[in-house]
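Using the hints, build the complex out of the two chains.
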Amino acid sequence: MFTHSPLRLTTLAILAAGSLAYAFVAGFYGMEILAEIAILAILVIALDLVAGFGGMVSLCHGALLGVGAYAFTVAANDAGLTALPAMLLAVALTSALSFLIGAVCARSTGIYFIMATLAFGQMAYSFVFQSPLFGGDDGLSGAPRPDLSAVGIDLTDSRAFAVYAILLVAFAYAVAAATLRSGLGRSLVGLHHNEKRLRALGLTVWRAKATAFAISGALAGLAGCLAAQHTQFISPGLLSWTVSGEALVVVILGGLGTLVGPLLGAILFVVLKHEISAITPYWHAIVGVILIAVVMSRAKGVFGFIEARWEARKAQPLVKEAKADA
Amino acid sequence: MLETRNLTKSFGPIQVTKGVSLKLEKGERRVILGPNGAGKTTLFNQLVGEITPNSGTIHLDGADVTGLRVADRARRGLSRSYQKNTLFDGLTIRENLGLAAAVALGKGQGLWSDPLQSPEVRETVREVAAQVDLAPYLDARVDAVSYGIRRQLEVGIALATRPKVILHRTGHGSGLRRGRHHHRPELRRGGLRRVARGRQGQPASEGHLFGGVGRCST
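Here the protein sequences line up with chains A and B, keeping their order.
Quick note: the first sequence, position 304, residue 1764 per this note's numbering, numbers continuous.
Quick note: the second sequence, position 178, residue 192 per this note's numbering, numbers continuous.
The set of hints was computed from the structure by calculation and includes no laboratory data.
Cβ atoms here follow ideal geometry from the backbone N, Cα and C, with glycine treated the same way.
Please note that the accuracy of each hint is not assured.
[Stated by the list, open to error] Facing chain A, from chain B, some residues (calculated, C-beta under 8 Å):
1) Phe-102
2) Leu-125
3) Asp-128
4) Leu-130
[As the list claims (entries may be wrong)] Take a look, some chain B residues computed to stay more than 12 Å from chain A by CB distance:
5) Glu-39
6) Tyr-96
7) Leu-181
[What the hints assert, rightly or not] Taking lysine-lysine pairs in the DSSO-like style, the calculated list, with each CA pair at most 30 Å apart, reads:
8) B:Lys-32 with B:Lys-98
9) A:Lys-1760 with A:Lys-1774
10) B:Lys-40 with A:Lys-1656
11) B:Lys-32 with B:Lys-178
12) B:Lys-40 with A:Lys-1733
13) A:Lys-1733 with A:Lys-1760
14) B:Lys-40 with B:Lys-98
15) A:Lys-1656 with B:Lys-178
16) A:Lys-1656 with A:Lys-1760
17) B:Lys-98 with B:Lys-178
18) B:Lys-37 with A:Lys-1656
19) B:Lys-37 with B:Lys-98
20) B:Lys-98 with A:Lys-1656
21) B:Lys-178 with B:Lys-37
Looking at chain B on its own, in the form it has when it is part of the complex (with noise of 0.2 Å):
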């Protein structure tokens, strides 16, 4: 689904990236693990199409996607989470949902009609928070909730977009240590297993790459 070649990006004479080849296949779940300072969020970042590489190729789905900007590749199915909370404050976690789900189906820019209204877009909203359970919040503003139900939102805008591949964006304080996920909420109660099977066995992705889990935030 995900395949990089030789990537390589140098920030004037420090090299961050040296020649990474990984390659995630579909149905797999894989993580990127290192100390402060490995290149974790460089990765990522050339990943999701933030910054270019210097050299190499990244392939999704089986198209070079390297020259491609953030939203071309979102449109393409890679969808991703961010470290930090990236929500639409001030609106609903209805709202929330909804636009990522409309934005991924490509009604983002229609003038004829309101796409929170279309069945698609509800039923997505739908699923997404029955998987994320959400479902008991969907009114509530995003700026009055507490911090583990905005990190569920966080995961659930990029699962809206029913994407191929997630790029998890995860950090501070280590939430794969000793093989637990208890310190992280939206993993919480099998978060992680349900996140990534779906729901009823389909899987909600076609892969997955958490980025970025180690000891300290980078």
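Chain A with its partners taken away, still in its complex shape (with noise of 0.2 Å):
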């Protein structure tokens, strides 16, 4: 069951506190990167929340992260809306879709489940790439940036955006914990573990796995608006199985079933990747070996092998006394 450690809340601190401060002091450079990292750590919270509690991995996010940047800009460019109004559509429009695919693909588990979500996933990539709507290969442009200049702010200015970003992955990481607290993600928790148990005890499994999605969907769609306001253009490249893969080694290298570390994980990723592309076109390879090292060292990730270090040594003094007792 999810619980807030200690250990994980200060994490948290030091991980909002640094990440504000990083906001403030640095260069242009330094913010874009901070906006990639709060996209991504957005959508690995969604994803995190279904894969690692729930166990119901998925290889569509990056598609509902898509759907979500296509909903947005959509909205706004055609349908004339603001930019709040927009988003909010656009998390609704991700989260219906999410649980359409939650309830359909409930009944799979597993690899099945994967491969179900993976040609959702596709669906909705050749939808997009095809359809003259959204501007196929040459992808949309002018998806516009919330306009907060009633209270002062500009979001135009890349700190202020940077800020902006940090923020939502505040708030999505709220929502993500709430559901895990609540009946619902106790309930999920519950389904990774024994799902005909708990069918037996009487809870409507579909129901529970497709609300789930939903909610992760919406994060996940949330992550899209987030990404089509950063680069304010969009292309059906956002909708594709790598971005879903991508997140799932982002989830995993930082602590699959932790929500901490998956936050870790995308700063690691985001930061690896812009470091060792500029040493080297190769940076998948490194990246790759870092996975496999973390993945054999059979820990739950960087956070997780912190974490399990954290428990052990709190751990010794037991096992000191029992011996003391013998």
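Next comes the structure, spelled out in structure tokens:
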């Protein structure tokens, strides 16, 4: 079950303080990286909610992010909505689509679940790629950023945008954590451990899974809105399954089923990507080696590794005590 | 509480359940006995809703539940245990019982509060833990405790739903041979009577059916 251990709360506080502090000292490039981290962080929070806690490994979260980005851009450009209502609409639409995907895929588990979600993701990708409505291969440009000039904030400024992005990550984290501590979240973890028993206890399994997927999808849609606002240009590449794959890599790298870990993973991944690609174009190979090392270490990612060491340190006195008794 | 009329079930040409009619009255305890292949499991699975009979009906507390699925029957007060422990490994015993109580109270899909912290669920967990002698182990992880404790939890999860009828799935090694229960961890120390009666003379549920108690597992 999900809990906020002191270690997790401390890590969260450090990450929040560190990223906000960095947003105020960083140059333009640093702030672009912060925004990129924030988008990935929201996506991996969404993915960890269903994959890490519910055991529903999804390969359509990239597509959900893309749907959010396209829905936002179309709603803002063509339907004439301002940025905030367009965001709400995009998030609601992505969430509804995710509920459907979750409901359909709820019956399958394991590899079949992964394949079913991949199929949904590819459907969304080809639809956006081929439909003239969405600019096809050329993508769409001109997604607006929310106008907060009423409160004296100009989001076209990259520093303000970076802070705004960090606040959205905090919001996404709060939503995911609240979900995990709710009845649905408890059931979600139970489903991961023993779906059959939970059904025999009276849980409508498909609805629990679909609702969890809808919440996760809403967050992925939010990440999509942020992505569209960040680059103000979107292309079908956002919906590609490789985006989902990358998100899964980040979740595993950071710590599957820890919620805090994926945040750490997102930072590590983006920073490594930029640092290593400055040295060699084969940065994927390096990240691959790191991922293999993390998986082979049998720890739950980087954060799981830290957490296990921390727990072991705490547990040591107990063992000594037992020995003394004997 | 639980009644079947002319239940039949065939798998291909083999008729396994042949017109079974049984009745479990309020407060009664019944045992289904039979050798390997007698059809105990098939009957049990029809009662809980995992397979549907070819014909015949199943009534729970007066209502026809023949067409209802597993979860729907559970919500109407039918609880079951498993022959092979079917627990939430990786969670603590408290979380196992809490999850069962939360789902049974209809809090399994809620979004706005943590059912494990709700007074109702905590009270149920405390009561059930006392009932099946698990109070000292509440914070132990299920995958770290002995088989006997896991077995007690198996029964505890079934009790935590506060059911009308419990279908106990027992097996392996003749629990009721010569009327003794000493092999069965969950029935130790008068546990059977305690489980059936509940605490302070209150019945834990209104009817018990101990399914599949045979020499061999089926």
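Here is how each hint holds up against the structure:
1. Phe-102: holds (4 Å)
2. Leu-125: holds (5 Å)
3. Asp-128: holds (5 Å)
4. Leu-130: Holds, about 6 Å.
5. Glu-39: holds (24 Å)
6. Tyr-96: The claim is violated: Tyr-96 of chain B sits with its nearest Cβ about 8 Å from chain A, within 12 Å.
7. Leu-181: violated (10 Å)
8. B:Lys-32 with B:Lys-98: Roughly 26 Å between the alpha carbons, so the hint for Lys-32 of chain B and Lys-98 of chain B holds.
9. A:Lys-1760 with A:Lys-1774: holds (18 Å)
10. B:Lys-40 with A:Lys-1656: holds (28 Å)
11. B:Lys-32 with B:Lys-178: holds (26 Å)
12. B:Lys-40 with A:Lys-1733: violated (67 Å)
13. A:Lys-1733 with A:Lys-1760: holds (21 Å)
14. B:Lys-40 with B:Lys-98: holds (27 Å)
15. A:Lys-1656 with B:Lys-178: OK: Lys-1656 of chain A and Lys-178 of chain B at ~20 Å, within 30 Å.
16. A:Lys-1656 with A:Lys-1760: holds (26 Å)
17. B:Lys-98 with B:Lys-178: holds (23 Å)
18. B:Lys-37 with A:Lys-1656: Cα-Cα ~27 Å, so holds.
19. B:Lys-37 with B:Lys-98: holds (26 Å)
20. B:Lys-98 with A:Lys-1656: Distance ~13 Å between Lys-98 of chain B and Lys-1656 of chain A Cα, so the pair holds.
21. B:Lys-178 with B:Lys-37: Holds, at about 14 Å.
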